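Chemist: In case you want the letters, here they are:
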Amino acid sequence: MHRISIKTRSDVDFQDITPQVQELVASSGVESGVCYILVPHTTAAVTVNEHADPSVVEDIIAHLEVMVPRHKNYRHGEGNSPAHIKASLMGNSEVILIDGGRLFLGTWQGIFFCEFDGPRNRNLLVKIIADKP
Amino acid sequence: MHRISIKTRSDVDFQDITPQVQELVASSGVESGVCYILVPHTTAAVTVNEHADPSVVEDIIAHLEVMVPRHKNYRHGEGNSPAHIKASLMGNSEVILIDGGRLFLGTWQGIFFCEFDGPRNRNLLVKIIADKP
Amino acid sequence: MHRISIKTRSDVDFQDITPQVQELVASSGVESGVCYILVPHTTAAVTVNEHADPSVVEDIIAHLEVMVPRHKNYRHGEGNSPAHIKASLMGNSEVILIDGGRLFLGTWQGIFFCEFDGPRNRNLLVKIIADKP
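Residue numbers (the numbering used here), protein chains in the order written: chain R, 1 to 133; chain Y, 1 to 133; chain F, 1 to 133.
So here's chain R without its partners, still in its complex pose (with noise of 0.2 angstroms):
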C-alpha cells in the first residue's frame, strides 16, 4: 500500500494524480494487474475524467456547485455538507488494470483528485496488485 501526500490550493479543486499513480506502478514491475486508488477522506473523491483540456473538469467543478449548491439550509454544523454529497456523489475508489507495466487508460483519460473542502493537505492510497503473485 502507496500513500500519495496531496496540497490542495482552494476549496475546491481538481488535481491531475495520474503521473504519480503512473510512477508507483512503474516503480512496481508489476507487468499485468490491478491498480485500487482510495481516497481515505469524506469530503474529497476520486474520478476518472479528460485531462487534455482543462476546461472539462472547470466544467465538471462549476455544474456539481449547481447541483450542489453551498447556500442552502443543511443540518450538518461544520457546513461543508455539501462537499460530503458530492464526494458521495463522485465516489472514494477508482479501480484501473495495468497492462504491459503500465496503467491502461484511454486516449483522452486521467485520474483526477477531487478537493471539495480545501485547501487541505490529503492522502491518496494505492494499492498494486499483480496478477500473478
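It is worth saying that the hints were derived from the structure and are not from the lab.
None of these values were measured; they are calculated from a predicted model.
Please note that a few of the clues may not be correct.
Any copy will do: because identical chains look the same in the list, a pair fits if it lies in one copy or spans two.
[Claimed, not checked] Restricting the straight-line Cα-Cα distance to at most 20 angstroms, the calculated cross-link-like pairs of lysine to aspartate or glutamate (EDC-like) are:
| # | residue 1 | residue 2 |
| --- | --- | --- |
| 1 | 72 | 53 |
| 2 | 72 | 31 |
| 3 | 72 | 58 |
| 4 | 72 | 11 |
| 5 | 132 | 31 |
| 6 | 132 | 78 |
| 7 | 7 | 23 |
| 8 | 7 | 58 |
| 9 | 7 | 99 |
| 10 | 132 | 58 |
Fit chains Y and F to the supplied structure of chain R, relying on the hints for placement.
Modeler: Just chains Y and F now, kept in the frame of chain R:
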C-alpha cells in the same frame, strides 16, 4: 463470499454497516488484501462517508431527494424510478483495502448501506481477498 | 484483458452488455473470482441497474438530462461537457463477483454501457481474475 442480511426501517434509510464488515474481515484472518462490498439490488446502493455525525447522512439523503424528486413524470410503472436513479448515482459496490487485519478507512469514514425503496429485507455481499492466497 | 466492441446508436444510449460479459466469464472457466469492467472513454460510463423493464433505464437517461442540462454555458469548446459530467456521475468502472462460474448479479440487475456522446464505436475492457490463480 459472505452475505449480510439488512432490515431497512423506512423508505429511505442509510445504515452504517462498518462493524459487520469489519467483523467479517477480522474472522477471515486476512492481514493484507482487498474487501469488495456488493449490493445485489437495483433500488439500493452502498457509499462511504462520515459516520461520526449522523446529520451528514441526513443531509445526503435530503439532498438526493431534491436532486431526484419523487413527484414527477417517470415512465417506469412501479413508481420507484427515483430509487433506481439514486442507486446508480451512489453506485452498487465499494472496494476497501485491508491492512493489519482491518479495513483501512479514514478517521471519519464509515460504510453505509443505502436503502432507497424500503422498508425491505436486503442482502449485502462481501468478498475478502488476501494478497497472498 | 478482453475487449468488447460496442456500436452505440444515438446521442445517449444505454446498452445491456450483461450477455457479452457473462459469455467472457463462462469461456474463462473461472468458477470463483472477480470481474472488472472498465470504460476507456471520458464521455461514456458503466452502471448496474434493472434490465427487466426498459423504462427504468429510460427514466435514468431522462433524469440525467434534467440534472445536467445541455443548453447552458459550459467552458469546454467541444460542446460535450454534459456528457463528461454524466460520465463522472455514473463512473467508468464496475466490479462484479463471479460465483459458480457466472457473474453474481441480483435478480433484476443488468450491466449497462452508458453512451453520453454518441453515436460512436466504443470499447469496453473486461478483466477476469480467479480466486486461486
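Chemist: Now tell me, hint by hint, if it's right for this structure.
Modeler: Here is how each hint holds up against the structure:
no., hint, result
1, 72 x 53, "between (32 angstroms within a copy, 19 angstroms between copies)"
2, 72 x 31, "neither (49 angstroms within a copy, 44 angstroms between copies)"
3, 72 x 58, "between (22 angstroms within a copy, 14 angstroms between copies)"
4, 72 x 11, "within (17 angstroms within a copy, 24 angstroms between copies)"
5, 132 x 31, "both (10 angstroms within a copy, 17 angstroms between copies)"
6, 132 x 78, "neither (46 angstroms within a copy, 42 angstroms between copies)"
7, 7 x 23, "within (18 angstroms within a copy, 34 angstroms between copies)"
8, 7 x 58, "within (19 angstroms within a copy, 29 angstroms between copies)"
9, 7 x 99, "neither (29 angstroms within a copy, 24 angstroms between copies)"
10, 132 x 58, "neither (40 angstroms within a copy, 42 angstroms between copies)"
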